[in-house]
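Undergrad: Listed here are the chains, written in short residue letters.
4 protein chains.
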Amino acid sequence: MTGVTVGGETIALDNGLRLDTLQMYDYDIRDLKKVNGDDLIRLDVIPEANRLRNVRAQIVSHGHLDHIGAIPFTKPKAPILSTPYPIEIVRREYRGGDLYGVEFNEEFSISKRTKVEFIRVTHSIPETSLVLLKTDEGNVVYACDYKLDDYCNLEKTDYRKVRRTGRDGVKLLIVESTRVNVAGKTPPETVVRSKLEDVLHFIEGGLMVATTFSSHIERIQTILDEVEKVGRTPLILGHSMMNNIELAERFGYLELPPNAKVCGDPKRINQALGEVMKKRDEYFVLTTGHQAEPQSVLVRMLENNFRFRFQKGDSLLFCANVIPVPLNIAYRSVLESKLQARGVRIFRDIHVSGHASKEDHRKLLRMLQPEHVLPCHGSIEQRSGWVALASEEGYELNRNIHLINNGQTTSI
Amino acid sequence: MTGVTVGGETIALDNGLRLDTLQMYDYDIRDLKKVNGDDLIRLDVIPEANRLRNVRAQIVSHGHLDHIGAIPFTKPKAPILSTPYPIEIVRREYRGGDLYGVEFNEEFSISKRTKVEFIRVTHSIPETSLVLLKTDEGNVVYACDYKLDDYCNLEKTDYRKVRRTGRDGVKLLIVESTRVNVAGKTPPETVVRSKLEDVLHFIEGGLMVATTFSSHIERIQTILDEVEKVGRTPLILGHSMMNNIELAERFGYLELPPNAKVCGDPKRINQALGEVMKKRDEYFVLTTGHQAEPQSVLVRMLENNFRFRFQKGDSLLFCANVIPVPLNIAYRSVLESKLQARGVRIFRDIHVSGHASKEDHRKLLRMLQPEHVLPCHGSIEQRSGWVALASEEGYELNRNIHLINNGQTTSI
Amino acid sequence: MTGVTVGGETIALDNGLRLDTLQMYDYDIRDLKKVNGDDLIRLDVIPEANRLRNVRAQIVSHGHLDHIGAIPFTKPKAPILSTPYPIEIVRREYRGGDLYGVEFNEEFSISKRTKVEFIRVTHSIPETSLVLLKTDEGNVVYACDYKLDDYCNLEKTDYRKVRRTGRDGVKLLIVESTRVNVAGKTPPETVVRSKLEDVLHFIEGGLMVATTFSSHIERIQTILDEVEKVGRTPLILGHSMMNNIELAERFGYLELPPNAKVCGDPKRINQALGEVMKKRDEYFVLTTGHQAEPQSVLVRMLENNFRFRFQKGDSLLFCANVIPVPLNIAYRSVLESKLQARGVRIFRDIHVSGHASKEDHRKLLRMLQPEHVLPCHGSIEQRSGWVALASEEGYELNRNIHLINNGQTTSI
Amino acid sequence: MTGVTVGGETIALDNGLRLDTLQMYDYDIRDLKKVNGDDLIRLDVIPEANRLRNVRAQIVSHGHLDHIGAIPFTKPKAPILSTPYPIEIVRREYRGGDLYGVEFNEEFSISKRTKVEFIRVTHSIPETSLVLLKTDEGNVVYACDYKLDDYCNLEKTDYRKVRRTGRDGVKLLIVESTRVNVAGKTPPETVVRSKLEDVLHFIEGGLMVATTFSSHIERIQTILDEVEKVGRTPLILGHSMMNNIELAERFGYLELPPNAKVCGDPKRINQALGEVMKKRDEYFVLTTGHQAEPQSVLVRMLENNFRFRFQKGDSLLFCANVIPVPLNIAYRSVLESKLQARGVRIFRDIHVSGHASKEDHRKLLRMLQPEHVLPCHGSIEQRSGWVALASEEGYELNRNIHLINNGQTTSI
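Line by line, the protein sequences give chains A, C, D and G. The opening position of the first sequence corresponds to residue 744 in the working numbering, with each subsequent residue numbered one higher. The opening position of the second sequence corresponds to residue 744 in the working numbering, with each subsequent residue numbered one higher. The opening position of the third sequence corresponds to residue 744 in the working numbering, with each subsequent residue numbered one higher. The opening position of the fourth sequence corresponds to residue 744 in the working numbering, with each subsequent residue numbered one higher.
Hints in this document: simulated from the structure, not taken from any laboratory. Take every hint as true, because none was put in to throw you off.
Heads up, the list lumps identical chains together, so a pair's fine if it works in one copy or across two of them.
List time: in silico DSSO-like cross-link candidates among lysine-lysine, alpha-carbon distance up to 27 Å:
{"id": "1", "residue 1": "LYS899", "residue 2": "LYS972"}
{"id": "2", "residue 1": "LYS1106", "residue 2": "LYS972"}
{"id": "3", "residue 1": "LYS1106", "residue 2": "LYS1081"}
{"id": "4", "residue 1": "LYS1106", "residue 2": "LYS1022"}
{"id": "5", "residue 1": "LYS1004", "residue 2": "LYS972"}
Keep in mind the model is a prediction, meaning the values are calculated, not measured.
The shape of chain A in the complex, shown without the other chains:
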């Protein structure tokens, strides 16, 4: 969560959960609502939202949990603004808010001093925005979580608007740092397509199970498209898959093939998997669980919670990578060991990242030409990578590129 204060008014940008910390303390997200909010603040799981004074709007850049998940706990009183799709995701988690869906490129007045516009950009969930705040003291762009994927099959980054914003002048760019230390640019979704097409034609028999993020609609579409080519029936299993797919279909971001089946509740999953056991060569299961989340359908399939057993010759396609913290790495490693003990073949890394690499960031920087840069969303090592990049482009540390830690403020 980031606050931008101009003339005594504050705009809050995003309001998320720290998922790695949550996991360290063994909290299940679904049980989280029973936990005391102060405890969550103390454990650094949710932001200390009331440190921000006179908040006039809670803006949401996109619908990932680490950007919206704290809203049900911090219960913002200010209006919550985003484009329509993320607003629906917030609504699912938090019914009490004052929610506004704003169209891309539509100027929305927050107060006399401040207006906001949402600029379309690619990421790994539909309707991600570069947030443009227009204030008395200049424009602020908030670019927290994006990549520049010109081969995205879902949306296109609005380069014209980005360049125009740069020409109009940007006082400050607040920007994510996750992969700024990775050379080159983040590969496009077409790489996933190429890998997937290859693997699907290569595998000759047995059940195929793929796992990815339920919110990654573009990836789900990629998978379903490629499955259609090999003629298997797609079964999409699990509540979060079902919810995200329903929403994406409603907004026109996803088109299911006619033979696809979506099962949310355990009983229907059980039934579907019973069918699979009879004709495993004809089905393709898509579900969550690539980080071995204990409640995921994949883990429950493996633990024999359904009328289903993995068999020698089945295949598991990991269409998402784990977030590389030690617990995830370990859980994933155990998951793979158990699958291999059943004779399941593993196909990893059918995935590309949703985060900008060094050259994506350089392009954004050149398009926006901001007076100041404030890297965020990353360890200090990652944010330091932004200092190196900006230095190559003529910025200077502490003059116009700034490093601040969580909980700190700076004035420019």
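Guided by the hints, dock chains C, D and G onto chain A, whose structure is given.
TA: Structure of chains C, D and G alone, referenced to chain A:
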């Protein structure tokens, strides 16, 4: 180099240089001919060929230096057999031999006891073979260096012939191990296409320089195809590029776009780079040097040996990875540091391996159903990976999957 | 578990649990007795003991769980033989057996054909043996788990006996492989003393907590000796610590300082920690939990299960390393993160391994001069390291150094 | 090189070479004097010294090349100040300067405004100082390169003076960052002693060769002490060893055993190695070359430049680690491969670092209680580690802990 002995007659399979050892002792391959052969044997750079008795044929599976490079030193007296393209590569290095170009799937009699056939398979150089030896005591398949890339734009693995060979019975499979410990299958060349198309459209100005193996004709074609789409003029620089391209064009494995220029000698390279300095946005340079080989054109471009300077905003596309031994890693790291010091942007990993991963190997094993497996071309860790894979498929160590070290023999 | 069969009689060597697999399936060792033995075999947690026919003795080389832990499940009918200290450890776990404590260097007749002797060697638990089997067909030495630490403060390797055994002739050496790929020799316990002395004098205030294996009596003595020098009161907490200390004191392997307190049950631990809260500068807590085992006292201290809170300025000394599998690495990383969140300072790596490195193994090989070597206790990569070492010493793979997988047999 | 400017006067602190960059461009330090100074600045090998205006003193904290090596190139006009031992090292490299040897704890007036004192601290070369600048605007402590080794056999950190300095008030601490991200404290030299004693008693025959830094007098003493216990004759080979040993003996920092022989020039080295070849079990060779520097005696021994051959059964003791940049890692790896090819046994890591770890730094911070902290000597990741540490101790980024890049200035 592997020898297969049946009834007192030996067939030699490949005859290569250990490139990593060479490099450790600072030998330049071009000066190697001055070095004493016995010294090269002592240093473990070339095989001790005369340990093989009564050699009736020297077979070559493909034209990489680690498979043919020792031929000029060991000077085989037996006929040298391969398909026509690798035979031409051998001829360039060694004029003295008794060379035979044999067509794919044509049975060639080596002796009364032994016949050979070459089966087409994909790898990272044209005309790579699975070598099928038909002997009195059963058939032997030698699969040293291959991948199963069904999206290769150059050749197709002859699956029909492979399966028929399996049905006819295979006594022994001798097979490479480089990547058998890597899960899944090796990605296809289409992944390189997707990445390259993305990067070429992404970069807005400055000179683009790409580097890859001069023998990797398929990759060169991929690069030239994508360059054509963005309208730059390709300049292909260096002797080894020129020689390989000439050969590949002659055999119809490569089609240069009409505006491509190929320059082999330093004077012409210098001239061409002079042109580049004037209109760097219009050119695309393709050359060798991704392992920072000191004689490569790329390194000489960087060391200012030509009428050329890298400039801020130029881009370097690494369309090949280094062989991961410490010296290569270090030299590559120094190369990148020097490029970055000039302001050159680095795009890495526009590459897929030419070696089979675990699932490619499993498929070959299932198609061939050999009685025995002998992993080779790899460290003992890598060869042990083959033991693990074969055990999953019902083989048992020391019974029908065998581990032997360099210099050892085994009987089956 | 290893079986040596001579003339139709089998000697079983060790009989342990696979701890990493156990952990993967979330079993608590203390609940294990409720689990079905066949399930444990299927999961590869305990050996399939009844594959060995006509077992005449169950020999135990030392008291670690991965060498004795399966005895309560496989319930050997043959007599269980070891030196007195490990026999007492087995007795704690399994009361039903026919247990014999044999003194070091005493020849014990198992049958007409076979005698056994135990030769003292250093490791990380008292009374570890090189097991010498004297059979009709020659002598077998079983060296599974040892190091050569000539600065051990507890015991000395019986080099004279080892060399004499070598001179008498050894047909087969069965030997562990855990660290054969590590160059040099394993450092001695004096390195731990030097580090510990330094750290204990360096820390100026706050509570000190050290954690190590409860079975590592030598390490416990090292720690208590150094704590005595800085004048703090040692508190030793936890059941397994108490049990091991009692046994070691009874056998004269450990001498507690007069002011040391040992508390096994939660109530007494709670009381002792209450005292610590009042004068934390005066105490030194020694306990288990360096792998973040959920039931360990350290983890319960951290989870506030006692009348105790960690405070800023406390120190945690890790006097043992985790076994480097992903789950352990992850749990340890979470443990450290939680400690650091409380302001606890971390001192890692006050530890040396208990396993022989490459040069320890070379020395054993040279002393014993066995006709054959069979590496065990290690992945195939680790066992392959033994092949490399033995090759340096003139052995040859498949002739007199052998690689076999779990479940396999070989004849020599 | 760091400049501290108060009231228009600047004090320059250290003036070193970037050794990793030098190596990247293949410069030999001994040939460096032929290279143009501007080229060295452009390559970022020496600092751009004339950016500092009105320099009143060039202070040297200790005698390592990365702290003094640029002095012969930048030729400071201001007086060069240090304690007597480093001053002699500077004199060896640069005869033209105005050199002053100042005793520890003696206040030396640089100008009306500024005085300097040198405070003794432990590191890996004799007479390393914490530099205390007393200025009109407060005291500055420069702590660039130190560790807190209370078991150093050469010198003791002057804790009393450090604490008194803290009580007198410190405006700014400029401090190195090399290992601030390493938990715990840096182990003491006694750890090296324990390892060395163990290894020397363990090895039974063959020549022993140890390699370390020629400037690391304490390590050389440790080695010679332990060699004396096993009764071998120490041969110390090479010019830099000889020069450093002469200086250290003159200052009383080193005492050679009576039977030690020191040989500087190639002819005498050759003679001595001739003797070694006759009785290799009786000698112990100490020399440089652990980073495989091509001119080192070790590398020349291996390349057969002397009347000497390594033999199977010889041992190489690495009593220093490589600086972990890719080139060093690669060269060291090649060195070890070549030694192993000759049958030489490798003993690594008989070494402890000379740089403070996180807890050493915390102790210094607590003793000095500076108003501001400026981390230097390290990558931005390493300096960021100082931000994390200082934050734990109540400092705040950009308020009283500052990150600046090379070439930048900040005011406090």
